[in-house]
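Number of protein chains: 2
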Amino acid sequence: MNIKRRGLKMAAAVLFLMGLSACASVGPLRGTGDLGMIIERSSGKVAVIDTTTHKKLWTVGGLGDLSHASVVYSRDGRYGYVFGRDGGLSKVDLLTGRLAGRVMQAGNSIGGAISQDGAMVAVSNYTPGGVRIFDAKTLAPIADIPAVYDGGKRSKTVGLVDAPGNKFVFTLYDAGQIWVVDMSDRKHPAIRKFKNIGKMPYDGMITPDGRTYIAGLFGEDGLAKLDLWNLDKGVQRILNGYGRGQKVLPVYKMPHLEGWAAAGELLFLPAVGHHEVLVVDRRTWREVAHIPTHGQPVFVVSRPDGRQVWVNFAHPLNDVVQVIDVKSLKVIKSLELGPGVLHLEFTPRGEQVWISVRDRNVVDVFDTRTFKKIAVLPVDKPSGIFMTDRAGKIGL
Amino acid sequence: MNIKRRGLKMAAAVLFLMGLSACASVGPLRGTGDLGMIIERSSGKVAVIDTTTHKKLWTVGGLGDLSHASVVYSRDGRYGYVFGRDGGLSKVDLLTGRLAGRVMQAGNSIGGAISQDGAMVAVSNYTPGGVRIFDAKTLAPIADIPAVYDGGKRSKTVGLVDAPGNKFVFTLYDAGQIWVVDMSDRKHPAIRKFKNIGKMPYDGMITPDGRTYIAGLFGEDGLAKLDLWNLDKGVQRILNGYGRGQKVLPVYKMPHLEGWAAAGELLFLPAVGHHEVLVVDRRTWREVAHIPTHGQPVFVVSRPDGRQVWVNFAHPLNDVVQVIDVKSLKVIKSLELGPGVLHLEFTPRGEQVWISVRDRNVVDVFDTRTFKKIAVLPVDKPSGIFMTDRAGKIGL
Chain G
354 MNIKRRGLKM AAAVLFLMGL SACASVGPLR GTGDLGMIIE RSSGKVAVID TTTHKKLWTV
414 GGLGDLSHAS VVYSRDGRYG YVFGRDGGLS KVDLLTGRLA GRVMQAGNSI GGAISQDGAM
474 VAVSNYTPGG VRIFDAKTLA PIADIPAVYD GGKRSKTVGL VDAPGNKFVF TLYDAGQIWV
534 VDMSDRKHPA IRKFKNIGKM PYDGMITPDG RTYIAGLFGE DGLAKLDLWN LDKGVQRILN
594 GYGRGQKVLP VYKMPHLEGW AAAGELLFLP AVGHHEVLVV DRRTWREVAH IPTHGQPVFV
654 VSRPDGRQVW VNFAHPLNDV VQVIDVKSLK VIKSLELGPG VLHLEFTPRG EQVWISVRDR
714 NVVDVFDTRT FKKIAVLPVD KPSGIFMTDR AGKIGL
Chain Z
354 MNIKRRGLKM AAAVLFLMGL SACASVGPLR GTGDLGMIIE RSSGKVAVID TTTHKKLWTV
414 GGLGDLSHAS VVYSRDGRYG YVFGRDGGLS KVDLLTGRLA GRVMQAGNSI GGAISQDGAM
474 VAVSNYTPGG VRIFDAKTLA PIADIPAVYD GGKRSKTVGL VDAPGNKFVF TLYDAGQIWV
534 VDMSDRKHPA IRKFKNIGKM PYDGMITPDG RTYIAGLFGE DGLAKLDLWN LDKGVQRILN
594 GYGRGQKVLP VYKMPHLEGW AAAGELLFLP AVGHHEVLVV DRRTWREVAH IPTHGQPVFV
654 VSRPDGRQVW VNFAHPLNDV VQVIDVKSLK VIKSLELGPG VLHLEFTPRG EQVWISVRDR
714 NVVDVFDTRT FKKIAVLPVD KPSGIFMTDR AGKIGL
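Chains as they are written, first to last, in the working numbering: chain G, 354 to 749; chain Z, 354 to 749.
Errors might be hidden in some of the hints.
As the list claims (entries may be wrong) - Each computed DSS-like pair below joins lysine-lysine, with the alpha-carbon atoms no more than 30 Å apart:
(1) G:Lys540 with Z:Lys490
(2) G:Lys540 with Z:Lys686
(3) G:Lys746 with Z:Lys725
(4) Z:Lys586 with G:Lys683
(5) G:Lys686 with Z:Lys408
(6) Z:Lys746 with G:Lys726
(7) Z:Lys408 with G:Lys726
(8) Z:Lys680 with G:Lys520
(9) G:Lys680 with Z:Lys490
(10) G:Lys520 with Z:Lys409
(11) G:Lys686 with Z:Lys362
(12) Z:Lys746 with G:Lys746
(13) Z:Lys726 with G:Lys520
(14) Z:Lys552 with G:Lys409
(15) G:Lys408 with Z:Lys540
(16) G:Lys408 with Z:Lys520
(17) G:Lys578 with Z:Lys746
(18) Z:Lys746 with G:Lys686
(19) G:Lys409 with Z:Lys746
(20) G:Lys357 with Z:Lys362
(21) Z:Lys540 with G:Lys586
What the hints assert, rightly or not - Covered by chain Z, per the in silico footprint, the following chain G stretches (three or more residues, Cβ under 8 Å):
(22) 379-388
(23) 423-436
(24) 562-576
(25) 658-669
(26) 688-694
Hints listed in this document are in silico derivations from the structure and should not be mistaken for laboratory results. Even glycine gets a Cβ: it sits at the ideal position worked out from N, Cα and C.
Build the full structure now, drawing on both the sequences and the hints.
Printed below as a string of structure tokens:
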């Protein structure tokens with residue numbers, strides 16, 4: 354073959370390969386159902402991981418202050434919306450590792466949610482106090498809901514979740530209120546306010562069926578419960594003894610309500626100020642057991658089949674993860690992983706659990722049947738782990 | 354520009370485009386979380402649909418006899434494994450609309466399952482009676498489990514599901530047995546057999562937590578229940594009155610156990626031989642209500658938030674779908690869709706329901722809040738509809 358021909362052949366090959374990787378909308382095909390995102394809390398980045406190969410696909414930077422951050426997914430599982438502490442809202446493309454959109458939408462934020470139909474993303478802001486809602490495709494603003502109370506004051510908002518019927522529910526920390534916003538007509542958000550729900554509600558969550566919203570109270574004992582099927586009944590107090598500790602904890606040490614686990618007929622939740630997991634009957638809301646643990650529980654996470662509950666703990670005892678067997682209500686395993694176990698999450702059918710160990714700069718992956726470590730991924734100061742099956746789950 | 358240069362530019366463009374669409378592993382990127390598959394029962398094809406755009410992406414043919422067919426998904430949501438009546442096992446790539454693999458693995462089959470870890474696909478066969486297990490990537494055979502009983506006879510197998518711990522559970526129709534197969538060591542399947550579970554168990558299902566396996570009995574009343582957390586307790590009989598009808602139905606008219614819905618604390622199931630939906634307390638297994646309906650219910654499907662249950666009916670009253678409000682336990686809507694309503698399925702967060710209307714050759718899509726029809730897709734003699742969020746669900 355002469356030089357000219359060889360040159361042409363090479364040019365052809367180069368063009369072909371350029372075509373292969375042409376633009377951000379074409380690339381190697383893969384499903385999105387076995388992916389996840391892990392927050393790198395110091396560097397302002399997220400790692401995109403694959404739970405089939407146990408590998409990192411990409412690290413995506415430029416996401417601002419992720420010292421407290423969370424993620425929700427687009428309904429197709431392709432995009433993660435990252436809510437940063439500094440008010441940043443970033444749309445990350447898991448399939449390309451690129452930033453598909455980003456807005457600085459407030460001064461100080463704490464979390465977010467995606468609507469039932471996937472068309473809207475909402476962010477829960479401290480400054481200015483209120484909730485802002487954006488188009489999930491373009492991040493263009495749709496609605497602004499200032500958390501105004503008592504003649505003009507603005508409250509921090511927390512505990513923002515989506516609910517069936519294209520609603521959002523959130524809590525006003527300073528005002529002691531819960532608001533339910535119906536966005537089915539997005540030009541006319543319909544807000545229903547529930548006042549005097551309790552003192553300094555610092556967090557909120559919704560049950561997996563999207564029916565029951567619960568707010569934790571920092572200023573008093575017990576929790577506030579709102580049945581979204583029976584709004585006219587208003588907010589009720591449950592678990593009156595919850596929160597009673599020998600000493601008052603600072604609010605940032607109060608348990609995340611996301612750190613509750615439903616397993617069968619039972620709810621498992623962190624005790625406050627005690628080294629215990631409380632076990633509550635879901636139907637009656639009565640406590641049925643308490644299980645002594647290594648430290649103050651932070652996240653109490655049920656394996657998807659409800660047979661085990663895995664628990665991590667607050668500083669300084671945050672070097673261990675314990676496993677509770679739901680059938681016997683006993684701790685059956687203690688794993689010493691190293692300091693800074695910040696979060697843990699299961700794969701959708703529960704065969705693996707992924708655990709962030711901040712001070713070792715790794716995420717450990719365990720087989721939940723054998724408790725064998727099956728992989729270790731280098732991740733810089735990892736915190737929250739979010740699997741893509743959250744895309745199809747109410748409230749997540 | 355001279356002709357030679359223009360020719361070179363065109364060649365470059367062609368090569369570039371060829372690169373773009375080079376092979377089955379590269380293409381336009383998209384997530385898999387908002388997709389689904391619909392069986393075209395007469396033509397041996399499946400339609401791949403997108404629930405965000407309400408459009409068909411592809412129709413994939415060559416799948417054999419799909420007169421009774423079902424689908425499970427790979428753990429990444431990219432592939433659908435289609436189990437055909439004629440023993441065909443087909444692996445369909447939702448991202449390309451191509452067949453990624455196909456085996457004729459038996460003479461006559463009724464359904465299948467995917468293992469918890471996604472590595473194995475199992476098929477439930479009538480002929481030869483037994484279960485065969487294949488590698489989910491390559492479809493290479495892994496194990497063959499003949500359903501042998503009573504000194505050499507082979508039984509039809511039905512009700513095949515996956516269970517936590519990389520197990521499969523299935524029922525032997527002729528033998529009246531339930532088998533639990535532990536595939537954690539795939540070279541040595543460990544089989545545990547439960548005998549004398551009842552007469553002619555014709556179908557089986559597992560609860561969403563993967564704990565309770567239930568088999569329907571054609572030859573007598575009641576159902577057989579096996580608690581996978583307490584295998585030593587063996588099989589128990591529940592709902593003793595279930596099945597008692599004025600006349601004996603042929604077995605193909607007995608309700609699919611997949612046609613049961615869990616909503617909150619309740620289970621909704623088709624009555625047998627009556628135009629009613631039965632409501633059972635999940636904790637006590639006692640009947641708490643029965644709701645009169647348009648016809649003999651076939652599939653009773655809960656909206657993901659458990660607030661509504663949608664019901665289709667058996668021939669000749671299969672032209673209507675009814676909606677039960679779970680809070681009031683009343684029928685609140687009757688939709689007249691035309692003859693041949695064969696199946697219905699919700700999107701993951703429940704805002705849409707997709708309904709197969711065979712005799713109109715369409716799938717109707719409804720908004721579950723307003724009951725407005727939002728789309729109609731032409732699909733040839735549609736039957737089963739399977740959304741990709743099943744990829745992450747135990748037992749589906």
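Subject >> Unmet hints by their number, sorted upward, for this structure >> reply: Numbers 1, 5, 7, 9, 11, 14, 21, 26, in rising order.
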